[in-house]
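One line per chain: the protein sequences are A and B, in this order. Using our numbering, read the first sequence as starting at 1 and increasing by one per residue. Using our numbering, read the second sequence as starting at 1 and increasing by one per residue.
For the record, the hints were derived by calculation from the structure and aren't laboratory data. Incorrect hints may have been included.
You can't tell identical chains apart in this list, so a pair holds if it fits in one copy or across any two.
Said to hold, decoys possible - Computed cross-link-like contacts, SDA-like style, restricted to lysine to any residue with a CA-CA straight-line distance of at most 25 Å:
(1) Lys264 to Arg110
(2) Lys131 to Glu50
(3) Lys231 to Gly108
(4) Lys231 to Gly114
(5) Lys231 to Asp269
(6) Lys231 to Ala113
(7) Lys125 to Pro184
(8) Lys231 to Ser109
(9) Lys231 to Glu107
(10) Lys131 to Arg27
(11) Lys231 to Pro106
(12) Lys231 to Ser117
(13) Lys39 to Asp161
2 protein chains.
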Amino acid sequence: MDLGRLSFNQMTCDPANLTQAIDACVRGGLHWIGVWRHKIKDASAEQYGEQIRDAGLRVSGLCRGGMFPALTPEERQRRIDDNLRAIDEAAGLGTDTLVMVCGGLPEGSRDLAGARSMVVDGLAKIMPHAKARSVRIGIEPLHPMYAADRSVVSTLGLANDMVERVASDQLGVVIDVYHVWWDPHVYREIERSRGHIFGFHVCDWLVPTPHMLMGRGMMGDGVIDIARLRKAVEAQGYAGPIECEIFNQAIWDAPIDQTIARMKQTFLDYC
Amino acid sequence: MDLGRLSFNQMTCDPANLTQAIDACVRGGLHWIGVWRHKIKDASAEQYGEQIRDAGLRVSGLCRGGMFPALTPEERQRRIDDNLRAIDEAAGLGTDTLVMVCGGLPEGSRDLAGARSMVVDGLAKIMPHAKARSVRIGIEPLHPMYAADRSVVSTLGLANDMVERVASDQLGVVIDVYHVWWDPHVYREIERSRGHIFGFHVCDWLVPTPHMLMGRGMMGDGVIDIARLRKAVEAQGYAGPIECEIFNQAIWDAPIDQTIARMKQTFLDYC
Numbered sequence: 001m002d003l004g005r006l007s008f009n010q011m012t013c014d015p016a017n018l019t020q021a022i023d024a025c026v027r028g029g030l031h032w033i034g035v036w037r038h039k040i041k042d043a044s045a046e047q048y049g050e051q052i053r054d055a056g057l058r059v060s061g062l063c064r065g066g067m068f069p070a071l072t073p074e075e076r077q078r079r080i081d082d083n084l085r086a087i088d089e090a091a092g093l094g095t096d097t098l099v100m101v102c103g104g105l106p107e108g109s110r111d112l113a114g115a116r117s118m119v120v121d122g123l124a125k126i127m128p129h130a131k132a133r134s135v136r137i138g139i140e141p142l143h144p145m146y147a148a149d150r151s152v153v154s155t156l157g158l159a160n161d162m163v164e165r166v167a168s169d170q171l172g173v174v175i176d177v178y179h180v181w182w183d184p185h186v187y188r189e190i191e192r193s194r195g196h197i198f199g200f201h202v203c204d205w206l207v208p209t210p211h212m213l214m215g216r217g218m219m220g221d222g223v224i225d226i227a228r229l230r231k232a233v234e235a236q237g238y239a240g241p242i243e244c245e246i247f248n249q250a251i252w253d254a255p256i257d258q259t260i261a262r263m264k265q266t267f268l269d270y271c
Numbered sequence: 001m002d003l004g005r006l007s008f009n010q011m012t013c014d015p016a017n018l019t020q021a022i023d024a025c026v027r028g029g030l031h032w033i034g035v036w037r038h039k040i041k042d043a044s045a046e047q048y049g050e051q052i053r054d055a056g057l058r059v060s061g062l063c064r065g066g067m068f069p070a071l072t073p074e075e076r077q078r079r080i081d082d083n084l085r086a087i088d089e090a091a092g093l094g095t096d097t098l099v100m101v102c103g104g105l106p107e108g109s110r111d112l113a114g115a116r117s118m119v120v121d122g123l124a125k126i127m128p129h130a131k132a133r134s135v136r137i138g139i140e141p142l143h144p145m146y147a148a149d150r151s152v153v154s155t156l157g158l159a160n161d162m163v164e165r166v167a168s169d170q171l172g173v174v175i176d177v178y179h180v181w182w183d184p185h186v187y188r189e190i191e192r193s194r195g196h197i198f199g200f201h202v203c204d205w206l207v208p209t210p211h212m213l214m215g216r217g218m219m220g221d222g223v224i225d226i227a228r229l230r231k232a233v234e235a236q237g238y239a240g241p242i243e244c245e246i247f248n249q250a251i252w253d254a255p256i257d258q259t260i261a262r263m264k265q266t267f268l269d270y271c
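Build out the structure end to end from the sequences listed, making use of the hints.
Structure follows, in structure tokens:
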């Protein structure tokens with residue numbers, strides 16, 4: 001594996017602010033960083049973009065847009081407006097990829113199919129602006145355990161269906177091994193993603209999983225065959241950055257330089 | 001809804017032993033009970049079977065066989081032998097259905113496809129004995145969040161594939177709404193299950209889910225469209241018992257008569 005492709009998603013160390021994360025990536029000799037929107041504060045996206053470029057780094061992607069389903073047309077429009085701002089932030093930051101966590105069921109609703117339609121509708125509405133700003137929109141399917149509250153896009157197959165329906169060159173998928181590893185159709189769907197894979201994320205599935213949100217593991221500490229998934233993605237032409245994104249309190253509590261060192265080693269050993 | 005079809009799965013109240021659960025079902029005016037193997041102690045399956053029949057109840061199913069994948073052929077054989085005993089216990093108890101939780105990855109393995117093959121192999125090996133004892137084997141697909149440690153059969157589609165491959169009249173599926181509600185293909189796969197649906201389980205998906213194992217909710221407290229799933233199952237000819245199975249500490253801590261009363265009311269309201 002080429003460490004030059006490894007990207008540090010900053011939510012792997014939540015306690016660090018964006019400047020601290022940038023500095024740590026530089027100390028760690030990395031070339032890429034993954035940025036979250038809520039970390040863009042104290043300065044504009046453009047200013048952070050300049051700081052990141054000056055540090056010799058590139059932004060692999062901005063997390064996250066999405067969250068389209070809502071009960072009222074007004075609230076759905078507010079979500080769309082927020083996605084337009086997210087596209088501007090991605091452009092300002094200088095990344096070509098905005099990652100989508102598409103949203104769960106509207107409050108009180110049991111209508112999954114309806115929520116999935118709202119996602120397609122929302123994506124279609126933001127694509128002209130994405131195109132205008134040269135930002136690609138990457139749908140990240142989320143594990144089915146997040147279907148109710150984070151994303152009704154529970155499989156890569158469903159994400160591919162949406163890419164087909166919206167039919168824009170700027171719309172594709174971001175594949176995180178944590179969300180798709182269990183899927184009996186994952187390799188078939190990776191083939192179907194050919195030409196529209198905009199990102200690849202790694203971490204591991206711990207057994208037992210200590211927490212539904214904060215229970216992700218460092219590569220190699222769990223049961224995901226990460227290397228096989230990475231090779232499958234590359235067989236479809238993906239040669240971009242590989243982002244390490246881990247939500248885990250123990251990792252958050254560790255010194256960031258130590259986390260980056262572990263990430264580099266486990267990336268070489270298990271990805 | 002017909003309360004005469006409602007079955008109380010005894011793990012909805014773990015503190016009660018089997019005799020206490022039987023007595024509570026009788027007090028609650030129920031006609032069915034779902035039994036777990038580890039609760040068959042102090043007496044034989046045959047003795048409990050007689051006790052249940054004498055109480056005017058029927059057993060909707062015995063939980064659980066399965067757990068086929070293992071690292072060595074010897075250990076896989078031990079699991080198969082245990083399934084043969086489970087079939088005998090089901091027959092002794094007087095139920096025609098043994099529910100399968102098929103098992104997760106063998107320890108240290110990352111080979112999902114291999115584990116799935118072991119499940120098919122194990123099922124094929126136990127079918128002759130199931131046939132001899134007139135016990136039907138129902139594969140219960142489990143939510144993908146249990147793929148690593150409980151069942152590599154993560155979708156109803158995969159369970160249907162296995163039913164096709166093993167090709168025995170005695171092999172079918174048990175559909176629990178908790179495990180399948182999120183699946184974009186669930187209604188298509190319910191159609192495909194026609195003729196081999198051996199059970200239907202209800203509970204609800206809470207938002208947020210308080211715990212990966214013990215976080216299930218009473219019907220109506222969550223986001224699952226249970227009635228729609230029930231109608232879909234019935235449209236394919238299923239007219240058997242509907243089992244309520246809830247793992248939730250607060251419900252376990254409640255008096256069993258109160259739990260059964262709530263179950264009856266929410267069954268009428270939400271199923």
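Going down the list of hints, with the structure as the test:
no., hint, in the structure
1, Lys264 to Arg110, "between (42 Å within a copy, 21 Å between copies)"
2, Lys131 to Glu50, "within (22 Å within a copy, 71 Å between copies)"
3, Lys231 to Gly108, "between (41 Å within a copy, 21 Å between copies)"
4, Lys231 to Gly114, "between (35 Å within a copy, 19 Å between copies)"
5, Lys231 to Asp269, "within (14 Å within a copy, 50 Å between copies)"
6, Lys231 to Ala113, "between (33 Å within a copy, 17 Å between copies)"
7, Lys125 to Pro184, "between (32 Å within a copy, 23 Å between copies)"
8, Lys231 to Ser109, "between (39 Å within a copy, 19 Å between copies)"
9, Lys231 to Glu107, "between (39 Å within a copy, 24 Å between copies)"
10, Lys131 to Arg27, "neither (35 Å within a copy, 66 Å between copies)"
11, Lys231 to Pro106, "between (37 Å within a copy, 23 Å between copies)"
12, Lys231 to Ser117, "between (32 Å within a copy, 23 Å between copies)"
13, Lys39 to Asp161, "neither (32 Å within a copy, 46 Å between copies)"
Of the numbered hints given earlier, the model fails hints 10 and 13; all others are met.
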